[in-house]
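The listed protein sequences derive, respectively, from chains A and B. In terms of my numbering, the first sequence opens at residue 20 and continues consecutively. In terms of my numbering, the second sequence opens at residue 619 and continues consecutively.
Everything hinted at is true.
Quick list of the computed label-pair ranges, beta carbon to beta carbon:
{"id": "1", "chain 1": "A", "residue 1": "A161", "chain 2": "B", "residue 2": "Q664", "range": "49 to 57 Å"}
{"id": "2", "chain 1": "B", "residue 1": "D749", "chain 2": "A", "residue 2": "D446", "range": "30 to 38 Å"}
{"id": "3", "chain 1": "A", "residue 1": "G278", "chain 2": "B", "residue 2": "D752", "range": "54 to 62 Å"}
{"id": "4", "chain 1": "A", "residue 1": "S175", "chain 2": "B", "residue 2": "K660", "range": "56 to 64 Å"}
{"id": "5", "chain 1": "B", "residue 1": "P762", "chain 2": "A", "residue 2": "C63", "range": "29 to 37 Å"}
{"id": "6", "chain 1": "A", "residue 1": "K212", "chain 2": "B", "residue 2": "G827", "range": "34 to 42 Å"}
{"id": "7", "chain 1": "A", "residue 1": "D103", "chain 2": "B", "residue 2": "G713", "range": "34 to 42 Å"}
{"id": "8", "chain 1": "B", "residue 1": "Q753", "chain 2": "A", "residue 2": "K42", "range": "47 to 55 Å"}
{"id": "9", "chain 1": "A", "residue 1": "C63", "chain 2": "B", "residue 2": "V641", "range": "49 to 57 Å"}
{"id": "10", "chain 1": "B", "residue 1": "D749", "chain 2": "A", "residue 2": "A161", "range": "24 to 32 Å"}
Computed list of lysine to aspartate or glutamate pairs in EDC-like fashion (alpha-carbon distance at most 16 Å, straight line):
{"id": "11", "chain 1": "A", "residue 1": "K152", "chain 2": "B", "residue 2": "D815"}
{"id": "12", "chain 1": "A", "residue 1": "K152", "chain 2": "B", "residue 2": "D816"}
{"id": "13", "chain 1": "A", "residue 1": "K152", "chain 2": "B", "residue 2": "E724"}
Since the hints were made in silico from the structure, they are not lab data. The beta carbon of each residue, even a glycine, is placed where N, CA and C say it ideally should be.
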Amino acid sequence: MSAGTPPLSGPPKPQAKALNCPKCGAAIMLRSFGQAETVVCGSCRSILDAKDPNLAILQQFEAATREVKPLIPLGTRGKLRGTDYEVIGFQRRSTRVDGITYYWHEYVLFNPYKGIRYLSEYNGHWNDITICKQLPTDEVGAANYLGETYKHFQTSDASTDFVLGEFPWQVRVGERAAVTDYVHPPRVLSGEKLDKEVTWSIGEYMYGREIWDAFKLPGAPPEATGVYGNQPSPVTTNVTGIWVAFAAFAVFLLALMAGFDMRAKKEPVLHETYQYNRAESKGETSFVTDVFELTGHTSTVEVKTYAPVSNHWIYLNYALINQDTGQAWDFGREVSYYSGYDSDGSWSEGKHNDAVVIPSVPPGHYYLRIEPEADPSLPSIPYTIDVTHDVPVFGIYGIAFLALLVPAVVISWRSYTFERSRWSESDHPPMELSNMSSSSGDDK
Amino acid sequence: MTQPVANCPNCGAKIVFRWSSSVQTVCEFCKSILVRTDVDLKKVGQVADLPPDSSPIQINTEGKYGNKAFVVVGRILYEYDQGGWNEWHVMMNDGTSAWLSDAQSEYALSASSKAQNLPAVAQVHVGQQFDWSDQRYTVSVITPAHYRGVEGELPFQYWDKTDVTFVDLRTESGKFATLDYSDPEPALYLGESVEFDDLKLKNLRSFEGW
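Work out the full structure: start from the sequences and follow the hints.
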């Protein structure tokens, strides 16, 4: 026989063991090939010593409330992170905070090569949990694990109140442990202190849908309610990054505006003051200005109107007409200003000035045709018209600015409200919520 | 590699040492515990059948640690009040030996260290810190254990021990140390926890249904 060959009489393949409960005789399946310390009889709720061939009874418990049914039945196999796992144990644990009892569930998963891992479920929120292989270090109000900082979320007393199946430790109903959770979404770092020993575990948030897919469970997973401590924010975008990008773009826009402002000729081509006289304007009131020339390339034309109105209005029907082609741009502008006093004090409405920009006017010889109309109570008023060629237009930049600002604000707000919901359930609720931190508790 | 060959003084079966420095082995057939002397093998005891256990590792399991290949040549099975664990004696392809511990599928690989001035067991308490090989180790747990059985080749005589105290220490960077108080003079093992997948193990046990 060569050195590399194990003896022919080698140990048989380990098999799942079928035994009977020493208390009630019900069948008990040991699925973990001896890794379990304790196993719970599904019929009579005896906690049995899984290491003892006679399954000595360690504890008998009464299900304090109605029957608790695991969402994933014991014995179910599923593929988690590429490895097959079988559900071998289930426990319900609870904690009381401000007089409200919160319940959550933990599943023991087993693979003969990879060992044990856990799933926890609270209100439809799931976590995939393994025991930490390294020790986290303490920081103020936080813990550091593998170079990442986890913020303290909650410290509470967890008591076990319902157990089923196999456990790799000595499980007892009624046992209490001090559990401290630190979060760094989507992960949660938990220290569980029993007697003097602290067991650290690291969990990663999972959606019910992922669990249902992994274990091929029928139907739909229970809807998750509220926001869980380490639930990843639906705002996947980096909020700080968005504002950095926004700032960069705003600077770019300002530079662009400055550039266009410097390049614009802003050339005055017409400056005239006219007098409107109601008495003289019976019938036809329209007239034309002198011809002015727009040189260079197709550009904007700004028409400014000024009238020292007071509690009156004047309305000017304009037409910018190309003398060479006859092409015309018709537009009407109103200048009105009203002011007075009432019970709230002085008020005013309107302005003495008006400005309008006509885009894309080709070069050529132009004149304005003006037809004024005015308040019937206004006998006479002077008005001044300024025409400037090639002015920069900034409205489009304002729209671009808003188009960038709005999503940044919306995303920031969504992120803020999600984080506020998350922390409202913690030991460190946001200030304005501190008096009502447990109002959304689950008391089933 | 030349493998020293001898015959079991009890049943005559061929005994092959895969690791030249092995001091003790167990006859695969009659379970006699055999200790090497200068001239031959001496039977010093008998191993009772080991209890069934759930380790996926067995004698002859092969694996890799970093760029070194290893083969499992021996094993010590310990028990403590929370269950049992295996220390698999592995032979590296560079001729050194190490221990692959397997406690409910938590794996760690460690090797004997030459550090001096180790603390006496009575002086050690949880939380205490020690510096070895430029690392700061913190005592995480002190475990009174019981020696349950042996298999295969071991680097020392380990057949008449019963109770032993282990002190486990960890660093923040995942390093791992064990102080072994089996003998009057404490022994130190330094290592680190390892991932099952990283060990690339071959010739594992198979489990019914998996």
